[in-house]
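Participant: Respectively, the protein sequence lines represent chains A and B. Just so you know, we're using our numbering here: the first sequence kicks off at 1 and counts up by one. Just so you know, we're using our numbering here: the second sequence kicks off at 1 and counts up by one.
To be clear, the hints were calculated from the coordinates, so they are not data collected in a lab. Treat the numbers as computed from the prediction; the structure is a model and nothing was measured. Careful, some of the hints might be misleading.
Claimed, not checked - For the chain B half of the interface with chain A, some residues (derived, Cβ under 7 Å), not all of them:
1) Gly3
2) Gly40
3) Leu43
4) Gly109
For each residue, glycine too, the CB sits at the ideal point set by N, CA and C.
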Amino acid sequence: SQKIEQNSEALNIQEGKTATLTCNYTNYSPAYLQWYRQDPGRGPVFLLLIRENEKEKRKERLKVTFDTTLKQSLFHITASQPADSATYLCAPQGRGGKLIFGQGTELSVKP
Amino acid sequence: NAGVTQTPKFQVLKTGQSMTLQCAQDMNHNSMYWYRQDPGMGLRLIYYSASEGTTDKGEVPNGYNVSRLNKREFSLRLESAAPSQTSVYFCASSVRTGKYQETQYFGPGTRLLVL
């Protein structure tokens, strides 16, 4: 069955550093991959989408890569700030349209 | 725009009781979804509705029913609540941004505790 894996352990980094979060998938060939941010007690919020034919996508301090050979996406936040602290969810998407969400990685940025 | 709204925000039920979770969106989206989120499990799709008048099962539909009342509203019903249904429930709606691409917009969630 399709499986999505994200770092289960929380990621703790110092303000100003680059945070890198990993999303691996198996038994799946998504056409797209989305990343969402979720704050405690709130619903997820869409951040970025990358297509299977795109290697990299950027939006302000965010960068996403998509390696269909490794079946992996990396999500980078450069110059991280305490306000970036949240849980980040990856969600590969097939051509049928439905998303499959990973369990999320909690990021904590310390001042 | 209120986006996606959900009621209630929090509910406590006894085993065997029934309840309906309400969801509404004001973004004119065709597709709507119900997810549950449990610690360490991520978001799991319960039911979805690709358009008004249609509903389909997701990954974990057992114990739930849904109604797509109109384009705006999509409700989730628990006929006989069980402790295993203790969870946080999220409603979402989506807009198509490409041939197959859809971006989802989530509500604030309903926290359900079944005793």
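Participant: Against the earlier hints, flag every one the structure doesn't satisfy and list their numbers going up.
Facilitator: 1
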